[in-house]
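J.: So you can see what is in the structure, the chains are spelled out below.
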Amino acid sequence: MSAEGQPANSLLLAVGQLTKLFGTFAACNGINLDIRPGEIHALLGENGAGKSTLVKMLFGVLAPTSGQIVWQGQPVRITSPSAARKLGIGMVFQHFSLFEALTVAENIALSMDPGVSLAKIAKEASDLSHAYGLPLDPHAHVADLSVGERQRIEIVRALLQNPKLIILDEPTSVLTPQEADRLFETLNKLKAEGRSVLYISHRLEEVQRICDRATVLRHGKVTGACDPRQETPSSLARMMVGSDVAHVSAEGTNSKGTVKLEARHLSAAARTPFAVALKNICLKVHAGEVLAIAGVAGNGQGELFDALSGEYPVASDDVILISDKPVGTRGINARRLMGASFVPEERHGHAAVSALSLSDNLILARSQSDRRAFLGGGPLGLIRQDAVKMAAKRISSAMDVRKSGENPPAGSLSGGNLQKFIVGRELDRQPTVLIVNQPTWGVDAGAASRIRQALVDLAKSGSAVLVISQDLDEIFEVATEIAVISEGKLSDIYPASELSREKIGLLMGGMYGKTETAETAHAH
Amino acid sequence: MGIFEAMLLTIITAATPLVLAAIGELVTERSGVLNLGVEGMMVMGAACGFIATQVTGSPYIGILAGIAAGALFSLLFGFLTLTLVANQVATGLALTILGLGVSSMIAEPYLGQSGIKLPQIVFPVLSDIPFLGPVLFKQDLIFYLSIALVAGVNWFLFKSRAGLKLRSVGDSHASAHALGINVIRTRYLAVMFGGACAGLAGAQLSLVYTPQWAENMSAGRGWIALALVVFASWRPWRIVAGGYLFGAVSISQLYAQAFGIGIPSQFLSALPYLATIIVLILISHNRRMTLINTPASLGKSFVPDR
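Which chain is which? The protein sequence lines are A and B, in order. Heads up: the first sequence at position 360 corresponds to 360 in this note's numbering, and the numbers run straight through without jumps. Heads up: the second sequence at position 143 corresponds to 143 in this note's numbering, and the numbers run straight through without jumps.
If you are wondering where the hints come from, they were derived from the structure by calculation, not from laboratory data. Hints may be right or wrong, so weigh each one.
[Unchecked claim] With beta-carbon atoms standing in for the labels, derived distance ranges:
no.	chain 1	residue 1	chain 2	residue 2	range
1	A	His348	B	Val55	49 to 59 Å
2	A	Lys123	B	Thr290	22 to 32 Å
3	A	Lys221	B	Thr290	42 to 52 Å
4	A	Pro114	B	Ala258	50 to 60 Å
5	B	Thr290	A	His348	16 to 26 Å
6	A	Gly405	B	Arg288	51 to 61 Å
7	B	Ala241	A	Leu380	50 to 60 Å
8	B	Phe131	A	His130	52 to 62 Å
9	A	Pro114	B	Ile106	34 to 44 Å
[To be verified] Listed below are the simulated DSS-like cross-link pairs for lysine-lysine, each with C-alpha atoms no more than 27 Å apart in a straight line:
no.	chain 1	residue 1	chain 2	residue 2
10	B	Lys165	A	Lys120
11	A	Lys123	A	Lys284
12	A	Lys86	B	Lys165
13	A	Lys284	A	Lys489
14	A	Lys86	A	Lys164
15	A	Lys123	A	Lys191
16	B	Lys159	A	Lys120
17	B	Lys165	B	Lys300
18	A	Lys221	A	Lys403
19	B	Lys159	A	Lys123
20	A	Lys279	A	Lys123
21	A	Lys164	B	Lys165
22	B	Lys165	A	Lys123
23	B	Lys159	A	Lys86
24	A	Lys189	A	Lys256
25	A	Lys123	A	Lys221
[Said to hold, decoys possible] Residues of chain B clear of chain A, computed beta-carbon distances all greater than 12 Å:
no.	residue
26	Ile3
27	Leu75
28	Gly152
29	Trp234
30	Val279
31	Thr290
Ideal Cβ placement from N, Cα and C applies to all residues, glycine included.
Work the whole structure out from these sequences, hints included.
T.: Laid out in structure tokens, this is it:
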């Protein structure tokens, strides 16, 4: 597309000096952005770069503090989402704005012209979804649908408005590679119809694959506008992060020691109707190894973590072993006392209490396992605040945790910084076994690479590390061994060097056993 | 008139205020607002309905006054919880206490006066049907209204677009806001509908059930109505079933006493709550049913981030 020097009125959307202040904090600061008809335009940036704030202003959810929006040559004020939809702007949210208690058709009806009957909407939605290769049952309750299916509702809902511009906020973060491929086909179809797509992502590979142009944001400002195909991933990353992202080095982690963590035919029934039952899971993690477990969300990752950490102990002792000792029925603290450490998925309310200070969070996690260091007064167990605060300080500086004040509440830290603190809290113990669930979910690139490097370094120093993650980039960065979990079953464990993304994708889809049989099955 | 028929008529009279207050609270809760002030709004409706009837001589004006009193009183709740974002539980409790106090104060001069009973509306021909006729077609306006309201609410919630919006606000107010639905306005309207229904239920007490004014005459019916909403798992027609069941239980106390059956009346008056606890256990056991019927945003305050 050679559209250089196009007159402004042939642009679909031109944003000029758009600013949004929250108090004195500028979430978006003088943003310029233009979108041409029929292009897929990437909006790149880390967490907190202002991407979501910008698109919320474009979709009328937030009101800009200053600046202007020009739509097809006309300056406009977008005061509400319905005003945006009237102009021809559709939006697919990252955290879906769906109603679980309602059916697919009812969800779609909420954003449609009230004059249209529900039956007609159901029919149109069903037709449209098939035309774009996104099959949907309009009468299903959203509560019963998978994440991928829920995203389809959002896309179909946006498409039913016949929009000229569709905004997608981090659409692939919840999809399998195959589902993502399908989405890209849909996006190319939209582009061929002359519609424009504003594609928000921090995944460079995807952006290079499907986007025509890119605008990069950092700290609320535009730091680059480019053709992503002319750039390298590292040059794009530089624009996003501002400096080179430290490359995680996994070298020298492959010296196999003794088995530190083992699961022998671990099975566990689903605790709730929406949980996944674990089926006959066998795994071994040796000292010096990083075993990564890949899989799409909701395939038993949380349940596996709960069983291994002892949050929900299993029925018999000898299905889980830590340093060769059976621990299946023991609770978290018993396992921690044996040298294991755990980092659960949810930062707020699970790994940390948001309203408590960092030092309080530290003592909550380690009051038993580091009793001698942090508690005094014999049986009284008085907290030695000085020792705890010193340790919190040590962890913060070791993990480069950026915070306001000496000992702020956990909830005041950004996601990345809190996650660094939580991982650091466990690493500080020098655990022999570390189990982490989604270590860098929703964490910006700089913090993510810091956390990943710490995991690799721990393995290098002779500990066994188990990482449960949905992020394939992360898995390939840290893992020495990889297995895939799907519907509560674990695949064989493969050396990381032997697996490709495609193979992992097939395993994620439940193609078990030998990869060869999976491939032949796929070929048919 | 047989004893069974007479019992049925008293059950209807006892159940109607429960159904009315509960159907209003159901709409309020479906929008995501938990208004624990039903008892207070009800007793305000009873007081104002009675006063207006005594002053004008027309129980129909009394009905209107009861509705208006409930709606206005709920508006106070709406202002505190929706505009000023006060805690819904605490505000609801305060509303109940305030309602009991204010109603006693304003209706004090009318204590002991005998009121005017709301006349029955008799459907010709239909009311001559043996047994069913007098039970269903020889009732007062408020009874007919209660059934019509349940049918109307059911249609509104599950068939109309506005009802869909209301349910969406109750399910996820942030998503509803992102779709451009006016969350606060929807909730104001739902709260006021709930207040109007509670006020009407109160007017039924002082115009039909016992046509006079007595302090605290709602006598805990507002709380039963709240329990009834949960008992009905937020489905309108189940309110009727539950309301008549609870009504029957409360009437059975009287009959048990009259016939000298040795069930402690305290046990009978505790039955509705016991039934509600059992239903709560059953619902929470089935997570899918909870997800589909319980308003997920119930009791949560909404502050748009604009």
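J.: Please write out, lowest number first, the hints stated earlier that are contradicted by the structure.
T.: 6, 11, 20, 24, 25, 29, 31
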